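Below, each chain spelled out in residue letters.
2 protein chains.
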Amino acid sequence: MATSSSAAAASQALAALAISSHGSPSSSHPGSLALPGRLGSLAGRSLRSSPASLRFLRRSQPAPSSAKAAPARASAVEALQAAATESLVDKSVNAIRFLSVDAVEKANSGHPGLPMGCAPMGHILYDEIMKYNPKNPFWFNRDRFVLSAGHGCMLHYALLHLAGYDSVKIEDLKEFRQWGSRTPGHPENFETPGIEVTTGPLGQGIANAVGLALAEKHLAARFNKPDNEIIDHYTYVVLGDGCQMEGISNEACSLAGHWGLGKLIAFYDDNHISIDGNTDIAFTEDVIARFEALGWHTIWVKSGNTGYDDIRAAIKEAKSVKDKPTLIKVTTTIGYGSPNKANSYSVHGSALGAKEVDATRQNLAWAHEPFHVPEDVKSHWSRHVPEGAALEAEWNAKFAEYEKKYKEDAAELKGIISGELPAGWEKALPTYTPESPADATRNLSQQCLNALAKVLPGLLGGSADLASSNMTLLKMFGNFQKDTPEERNIRFGVREHGMGAICNGIALHSPGLIPYCATFFVFTDYMRAAMRISALSEAGVIYVMTHDSIGLGEDGPTHQPIEHLVSFRAMPNILMLRPADGNETAGAYKVAVLNKKRPSVLALSRQKLAQLPGTSVEGVEKGGYIISDNSTGNKPDFILIGTGSELEIAAKAADELRKEGKTVRVVSFVSWELFDEQSDEYKESVLPAAVTARISIEAGSTLGWEKIVGSKGKAIGIDRFGASAPAGKIYKEFGITAENIIATAKSL
Amino acid sequence: MATSSSAAAASQALAALAISSHGSPSSSHPGSLALPGRLGSLAGRSLRSSPASLRFLRRSQPAPSSAKAAPARASAVEALQAAATESLVDKSVNAIRFLSVDAVEKANSGHPGLPMGCAPMGHILYDEIMKYNPKNPFWFNRDRFVLSAGHGCMLHYALLHLAGYDSVKIEDLKEFRQWGSRTPGHPENFETPGIEVTTGPLGQGIANAVGLALAEKHLAARFNKPDNEIIDHYTYVVLGDGCQMEGISNEACSLAGHWGLGKLIAFYDDNHISIDGNTDIAFTEDVIARFEALGWHTIWVKSGNTGYDDIRAAIKEAKSVKDKPTLIKVTTTIGYGSPNKANSYSVHGSALGAKEVDATRQNLAWAHEPFHVPEDVKSHWSRHVPEGAALEAEWNAKFAEYEKKYKEDAAELKGIISGELPAGWEKALPTYTPESPADATRNLSQQCLNALAKVLPGLLGGSADLASSNMTLLKMFGNFQKDTPEERNIRFGVREHGMGAICNGIALHSPGLIPYCATFFVFTDYMRAAMRISALSEAGVIYVMTHDSIGLGEDGPTHQPIEHLVSFRAMPNILMLRPADGNETAGAYKVAVLNKKRPSVLALSRQKLAQLPGTSVEGVEKGGYIISDNSTGNKPDFILIGTGSELEIAAKAADELRKEGKTVRVVSFVSWELFDEQSDEYKESVLPAAVTARISIEAGSTLGWEKIVGSKGKAIGIDRFGASAPAGKIYKEFGITAENIIATAKSL
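Chains as they are written, first to last, in my numbering: chain C, 9 to 756; chain H, 9 to 756.
In short, the hints are calculated from the structure, not lab data.
Just so it is clear, the structure is predicted and the values come from calculations on it, not from any experiment.
Please note that a few of the clues may not be correct.
Since the list gives no way to pick out one identical chain from another, each pair is judged satisfied if it fits inside one copy or across any two copies.
[Stated by the list, open to error] Straight-line Cα separation of at most 25 Å, BS3-like style, residue types lysine-lysine; simulated pairs:
#1 Lys670 - Lys754
#2 Lys490 - Lys616
#3 Lys616 - Lys114
#4 Lys740 - Lys143
#5 Lys720 - Lys643
#6 Lys114 - Lys177
#7 Lys737 - Lys177
#8 Lys691 - Lys630
#9 Lys737 - Lys114
#10 Lys182 - Lys740
#11 Lys667 - Lys740
#12 Lys327 - Lys691
#13 Lys435 - Lys139
So that you can see chain C by itself, here it is in the shape it has in the complex:
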């Protein structure tokens, strides 16, 4: 049959190359086919002539390359030495595969396919290429690794385990995906030291990696000296077909190409399988050509399952290209080694099952018990602990030299490394009085940003092509660009989702980096997945979201947020802040900067707002507070509660009601989350249980306000889409007015 003879031919081609890949006798399994190592497994596969195995073999043929040609010219002795080394590499690669297989099997849940296919590139990265210190996962100058295809996290856990990270002991691998373990179902930086960012939602990781590489390029440009390149690391990322299909990855990679992030090296695990089957059913674009269009250097390693030297050569080439990021497309077989499930979607996201695990052990001649790492593999990897310590020590010495010579820079850099804020930084924030001119909070925000940029060396950021609308430019700095990476204004283009994820990468690069990013508040819808990862992964990004209501006017309902405030109030571990004027904007920034492990969303107005008496930074820190009150004994007739641009309206209504002899308290409710964290006593002092005549006003959904105003109160808001018209007209038509508050108060 044509098919089986093709398979046999391919198998022969592989056999001819087997000198660098046969297994050692000690590793041959009693029940194996008595052919050595991987060669045996391939011969075993070639007996079956299914299309799947054909594809498997076709992909396994190493591409002719200079790296392959070299051993043929080497002496016989060198060849034997190389063979012995590669045999250990084979064992190490198989150890990674089986740690993954066994952990998924024990959990009866997880994704074995990617680790089995990507084990070679994983091994080469962590064993041969990357600089890191297992005993200090937070060493500043480490190479960063991101598994963008986060479902394959057992690959990363296995690598961290072999490398000697304390966070992933063998017992942690046995607790994969169990309650309270350090090996959750997707990589989570806040659970497992050694994991840089939180991935799983596809495309986020590659965008995070762009942020990490941006941070390196920026800091290197700011702090490196001709005689001391104190910052010098690579960012490696593995992404799969799924990541490639996501729009966020195109956004982030377009920027990476634009910025020329030469130290970003991405491995595209080209295994042609996604959950729905062969990627041909939905993904037939030319990825290499797309990345070239995006300004990347590209390399194709056709032999990702076995072509160690091709992978090594590709990394070498990638490093030689300094002005472009590199995409290494590595063609692999998902579930490599599994005789019946490799190259099929069934190995993507389910345990292999006991029978197939056995068959895979036979096929790859892996005679070991589950979770066993052979001594020679252990011994081989054990050097990373001392080597890592030496790397860090060497760098510390380099830093000491740096500190001697460049005292001020060193101090600034230390702050970025440690996250410690300069003493008294908050004094830089502007203050306002009721006599200060009325202004839009987006403008007041720019005053804060520019004031902070002078005192916070880690503050950098930008907008998704709305800098002049969001008012986010730092006037004392230029644009972060390919040739001016020391600057701090980042121009993201119209790429909200990529922007958010890039900022997550920046925030998680160094504790002292404080990235901010900006767009219209309604377009948080474009970047919500990245914002949720900020919240989950404790990345203290500051989201500067302007045009925060119908107050933006004529652009109309596509641009007017309605449900967005409540949607973020419901999201865990994120602060939703809606300041009403200058002092509250300053307070919001103070809160945002201090909350390094909790991102902040600042909703800011397009329109001018008055500077209100009674607002304060301290008030903002409490989330909700009284800005005016003419009652005594904590018993006002009415409590009017507003946020942001509507606080002014509440204050006006209070003035009118007071004229009519009522006692009225006005409460600014700038952040629900912060108010929730106050003592019951404080809460009672602001919103006494006995006062049920409460009216809230906010130009957004009323959902959730029942909690604040109670069943006898009334929430004035907008539970429909907005409209295109001048802002004042819409406010009036929608009843977001002092008149409506007064009428409502009288009806209570």
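Given chain C's structure and the hints, the job is docking chain H onto it.
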């Protein structure tokens, strides 16, 4: 100076080509430079030697093309005729420009830059290329036009006005961006007949256009006959740099290339300016090369400001390529004609100002009052009303032929055109009894989808690479693919955002098309912007969102929705449904299909759920209803309220409490929106005001539940991120249990 001589050279080159572009004497403005028409304006520009004007001229040089060569070979008489025609074209193009300029000026708000640059392509499309009937904007076989760069909507309004649409009279143009007008700040299909979809949020429109073209290709493949191609239209779209940067456009365009949507023709308005300035600051990728990588045919028209023939030739070429969509990159000058603002960001999103409007009038020799359309232009365009009527009549005759010959197909197609559902369709929905086997609602959803596919000819859809997890395959159909477009399973790949927007396009193509799309519920975060447009634009997409809580287990917090239910409850005009079992899932589908102008989100479980006594389709239609009660007189001791997978837990707790002698009512709260729409009497019958001992249970954020349970009730839910562990363990650890309900009930 080098710069000015270059400008002069470019100007001469343009003068040499002026035969086909000079203005007629009657249009020359008294105050103009006395050079004819556009040539005069160019000469005027060449006097200024700023870099901006240089760029303008460089871009204005027409590319050598065969289309340009043709007039040179024509006879003198033909050249004169052509010149006369082109002079009218010039006038028409300028009429479009000035209607836009004048409307923005009057509103003192809007985006004049794009209409001024894109007027030539707009003119050619609406005046020369497209098939439509102005007096019936909903004629089924019309060509569809989408302005993806929606901020330039005055271009579209001007074209609709000239073409004779009743929706855009001259008085509507004068009311641009005003309260209640039919010319809102961005194109809104629900406000303005003739607008196909709602755009503005960038990238949505191009993805909508992919959906429109998909719908055409699908319907043509299903209904066309060798002797009667009853469905045969193009989809045209204009997108800008902003759309190109957005990830959603790459997602949708990758699919368009994969599907070979040959009748999709996209004009990329390459004007090199976005809000933040020259696109060079953030966007230096090679767009043409990227689209080629995505499988598109590409053409570059370098003379978009003036090269009418180049544009015409490009469209002809695009139509000749049947198996690929075409991207026509049209290099234009934003704000073309404005002497001081063209080619700068200042003309993007603000009115020109009176002075610059005057200068632009001079520059383009436009002597007319604001909003004036010259009689010859009016007369030229007036043919579209009779021609459109004739086109539709012709098509109606063709349909009559079709109906005679292909009766059944015609009946089915009629349903798709009209949106009328087949009588008794809802009887196809499966029914369940408490004895039916427990099952995940995602599986029950698949039963509903497959049952409905048999009776609803317009039902089609798919998943973002999770078909086997979302359970969305229609078993009786194959995959919609390039060569099998008649099939109904759409494979979107891992492209949630593109998927949502494509479904909006499908839904808005024909009232009878019912698209559904699917992913994990948490990944609505990736597509939320498209879902909001579904809601706003009244596109009845069915969102099949599985794995709807911590109940998905081991995948962990990145995959577990928490805040998502409330986030959609707060979104206007969208139904959030969370069915608890088979009957409720059937009910949810009934509601979803009937709500053609309101999208539905179905939150479905990964895990098995019992079929509960008391659930019903009718109950779902009311949003909230009693599934069991052992009280009398509408006075139970407790009301337990659950949704989806937690309704079973509420029912169990009720059983226990009843054993202890309590009277307990269990309420299913499957859709808050539907319950809100019921009469006060009905609401009181379900949730009597007098009963305050209410407990809700839902595996999601408690935010908003105060409204239902009241200040004396208690909401059991999850106000933190989830965790990676087996589902049962997480439920227990998070207290989403019957035990917790019982303990809470006793504490009330």
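Taking the hints in turn, this is what the structure says about them:
no.	hint	result
1	Lys670 - Lys754	within (11 Å within a copy, 41 Å between copies)
2	Lys490 - Lys616	neither (37 Å within a copy, 53 Å between copies)
3	Lys616 - Lys114	between (60 Å within a copy, 22 Å between copies)
4	Lys740 - Lys143	neither (62 Å within a copy, 35 Å between copies)
5	Lys720 - Lys643	both (16 Å within a copy, 22 Å between copies)
6	Lys114 - Lys177	within (16 Å within a copy, 70 Å between copies)
7	Lys737 - Lys177	between (64 Å within a copy, 23 Å between copies)
8	Lys691 - Lys630	within (10 Å within a copy, 37 Å between copies)
9	Lys737 - Lys114	between (63 Å within a copy, 16 Å between copies)
10	Lys182 - Lys740	between (62 Å within a copy, 22 Å between copies)
11	Lys667 - Lys740	within (23 Å within a copy, 55 Å between copies)
12	Lys327 - Lys691	neither (58 Å within a copy, 67 Å between copies)
13	Lys435 - Lys139	neither (40 Å within a copy, 65 Å between copies)
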